[in-house]
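> In case you want the letters, here they are:
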Amino acid sequence: NAGVTQTPKFRVLKTGQSMTLLCAQDMNHEYMYWYRQDPGMGLRLIHYSVGEGTTAKGEVPDGYNVSRLKKQNFLLGLESAAPSQTSVYFCASSYPLAGVDYEQYFGPGTRLTVT
Amino acid sequence: AQSVSQHNHHVILSEAASLELGCNYSYGGTVNLFWYVQYPGQHLQLLLKYFSGDPLVKGIKGFEAEFIKSKFSFNLRKPSVQWSDTAEYFCAVKGGATSGTYKYIFGTGTRLKVLA
Chain A
1 NAGVTQTPKF
11 RVLKTGQSMT
21 LLCAQDMNHE
31 YMYWYRQDPG
41 MGLRLIHYSV
51 GEGTTAKGEV
61 PDGYNVSRLK
71 KQNFLLGLES
81 AAPSQTSVYF
91 CASSYPLAGV
101 DYEQYFGPGT
111 RLTVT
Chain B
1 AQSVSQHNHH
11 VILSEAASLE
21 LGCNYSYGGT
31 VNLFWYVQYP
41 GQHLQLLLKY
51 FSGDPLVKGI
61 KGFEAEFIKS
71 KFSFNLRKPS
81 VQWSDTAEYF
91 CAVKGGATSG
101 TYKYIFGTGT
111 RLKVLA
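In the order they appear, the protein sequences are chains A and B.
The first sequence begins at 1 in the numbering used here and counts up one residue at a time.
The second sequence begins at 1 in the numbering used here and counts up one residue at a time.
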C-alpha cells in the first residue's frame, strides 16, 4: 500500500495563477481532509469529505475549492492564488469502522509558495 | 467553541531527561484524543490515541499519555528522551463516534529539541 500520496511535492505560483493539488489514498477510506500548516498555527482544516461526491467546509475554506469525484481522490483547487496561501498543505484520510473512529493517515505534504 | 491548547511551544531537553508535554481541550461530550509527531521534513505520524477504557495509553517509541477527564487534559510523557525524538508534537481531539462530527481539532504544536 502506498497509503496517502500527494502531488506535487513543491510548487511556486505567481499571484493570480491557479493550480490543483491531488491527494490519493489506496486504503479505501471514506473520509478525506485537506489541512494547511503554518508556523505557530498548527494544522487548520480547509475542507473535508465524508464520502464520494460530498464535500464540506472546514475552518479556513476561503480561496479554496475541492472535489471528490472518486472515493480514492480528493482534489484541492486554488482558483486565484494569493501570497497568504503560501503554506504546507497536508491531505489526510480516515475510516470509521463499526462506529469507532480511527486515526487519520497523512500524506507527505505539498509545499506551496505564492509570490 | 472546540479548541486544543498546547502550552509549551518550544521545549529543549538533554538526552535522558524526562518529557511531559501539556495538552488541554475544550469539547462537550465524549472525545477521541490523539498525539501525532512530525519529524523534520516528514509527514505527521500517529504516536498514540485514546478512544475509551484505560486512561493511560501507551504508544510507540516509549511514549505514553494520560487522559484526565476532570481536567480536560491529555498530556504526553516519556521517561527518557533520545536525540531522535527531536520533532514537533501535535495534540488533536475529535468528537466520539456517536457525536456525528468528522472534524479533528489540532493544537498549535510543540517543537521539541533534544540535545545529544
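If you are wondering where the hints come from, they were derived from the structure by calculation, not from laboratory data.
Errors might be hidden in some of the hints.
Here are the simulated BS3-like cross-link-like pairs (lysine-lysine), alpha carbons at most 30 Å apart as the crow flies [claimed, not checked]:
(1) K113/B / K9/A
(2) K70/A / K103/B
(3) K9/A / K49/B
(4) K9/A / K103/B
(5) K113/B / K57/A
(6) K69/B / K49/B
(7) K58/B / K69/B
(8) K103/B / K71/B
(9) K57/A / K49/B
(10) K103/B / K61/B
(11) K49/B / K71/A
(12) K71/B / K71/A
(13) K9/A / K69/B
(14) K57/A / K71/A
Footprint (simulated), chain A over chain B, 3 or more residues, beta carbon under 8 Å [stated by the list, open to error]:
(15) 37 to 51
(16) 61 to 71
Chain A is nowhere near these chain B residues, computed Cβ spacing over 12 Å in every case [what the hints assert, rightly or not]:
(17) V4
(18) Q6
(19) V11
(20) N32
(21) P55
(22) E88
(23) A116
The structure presented is a predicted model; accordingly, all values stated were derived computationally and were not measured.
No residue lacks a Cβ here, since even glycine has one placed at the ideal position from N, Cα and C.
> Check the structure against each numbered hint from earlier and tell me which ones fail, lowest number first.
5, 12, 13, 16, 17, 18, 20, 22
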